[in-house]
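Peer 1: Residues per chain are reported as follows:
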Amino acid sequence: MVRARDLFATVMLSGIYGLLSASFFILMDAADVAFTEAAVGAGIFPLLMLTVLTSVGRYEAERRRVRYLPLFVMVVLAGALFAAVLQMPPFGAVDAPSHGHVAQRYIQDSPAEIGIPNMVTSVLASYRGFDTLGEVVVIFTAAVGVVVILLGGRPKTPQQSTQALMAEHKVLRVVGKMLIPLILLFGLYVQFHGEYGPGGGFQAGVIFAVGIILYAMLFGLSNAQRVVPLGVLRWLVALGVLIYGSVGLANLVVGGEYLNYSMLASDPVTGQHIGIILIELGVGITVASAMVLIFFAFTRATRSRDELEE
Amino acid sequence: MPELITLLSSLCLLLGAFLIFSGGLGVLRFPDFFTRMHAAGVTETMAVTLIVLGLMLHSGWGLPLFKLLLILLFVMITGPTASHALAKSALHGGLRPLGDDSNNERH
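For the protein sequence lines, the chains are V and G, in the order given. Quick note: the first sequence uses our numbering, first residue 727, plus one each step. Quick note: the second sequence uses our numbering, first residue 2, plus one each step.
What the hints contain is simulated information worked out from the structure, not anything from laboratory work. Be a bit skeptical, because a hint or two may be false.
[Said to hold, decoys possible] Restricting the straight-line Cα-Cα distance to at most 27 angstroms, the calculated cross-link-like pairs of lysine-lysine (DSS-like) are:
| # | chain 1 | residue 1 | chain 2 | residue 2 |
| --- | --- | --- | --- | --- |
| 1 | V | Lys903 | G | Lys89 |
| 2 | V | Lys903 | G | Lys68 |
| 3 | G | Lys89 | V | Lys896 |
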């Protein structure tokens, strides 16, 4: 990481880092991971961080004294991480632990058991479905935390006076109008194409959220909230996790194991398909609404503080 | 005929690569923000157009051709818009182009 007092530059650099790591994931043939990294690391993370910057200010507070304890902890931690990296097996080594464990079974049995072309999706959504549930719950928890901190208490009445950030930017608005439908369409494509190519609920949710955030930036928060009200978003964040969890419970009801979709239909492979589509839908709904909710919450918090100061 | 297409495609790719190089040189050598952005923005749009065109010639009929066409359209729309937004926000932030001697602040 580059040492910089300008937080804006730091955010931009981390975005560039996200894009670079997406490139090297592509070089390692990990298209799904690269897709996620490009959408999250280079797309929505800098966007949300910039939104945070509008409320905390651009420059780090001046501090003369060097603090030794954090420095020490950082050095030790970095040293441990470097040592761990040096101990890792070389890239592509046959005897690497990750290849010897269950990966073999996934690769051999996935075409027959799950029957979808994208093996990454079958591992993430079916074999390791419980881990993915955990990830979705993490995103859900983050959204709940942001909402509790920034939108806590009674819901505020929507301010009619809020102007669009970019009201006078005609070119951006026209181009945005052209692009937003395409972004949303692409989000849906990624959502429902996740079994056949790189993609899935996480990426689709982020892309979908970026479309709506772009709309909010170009046409104003109040207009965007007319499209997706905060109340609806709060429900949707929970709904996604609920869908995911209910699919797991439905398996128990029909006599299977939790998050093992084989019993959902008469044919195990069809059951797996249904289960994967449903839980990917849950993931997509939670991710998209959590991202939009976080953006709305930060923007509203900044707005209301500005109005108090006026 | 295939030789001609290969030749054209290589020409496009080479020209695109040259434009990217000149754009990078411009970003390093030009004196102020707006000229640098000009170097990056103009050459980038043109260079990506040429490179994608070269790849389209190279790929032949099929799905990749169509996908490249979509990428081309996307880049041709977003590239200039990004430059526009960048220049506008720089002006908004108080940066004045080199040689703009008028000191009256526009608001």
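Peer 1: Can you give the numbers of the hints that this structure goes against, from lowest to highest?
Peer 2: none
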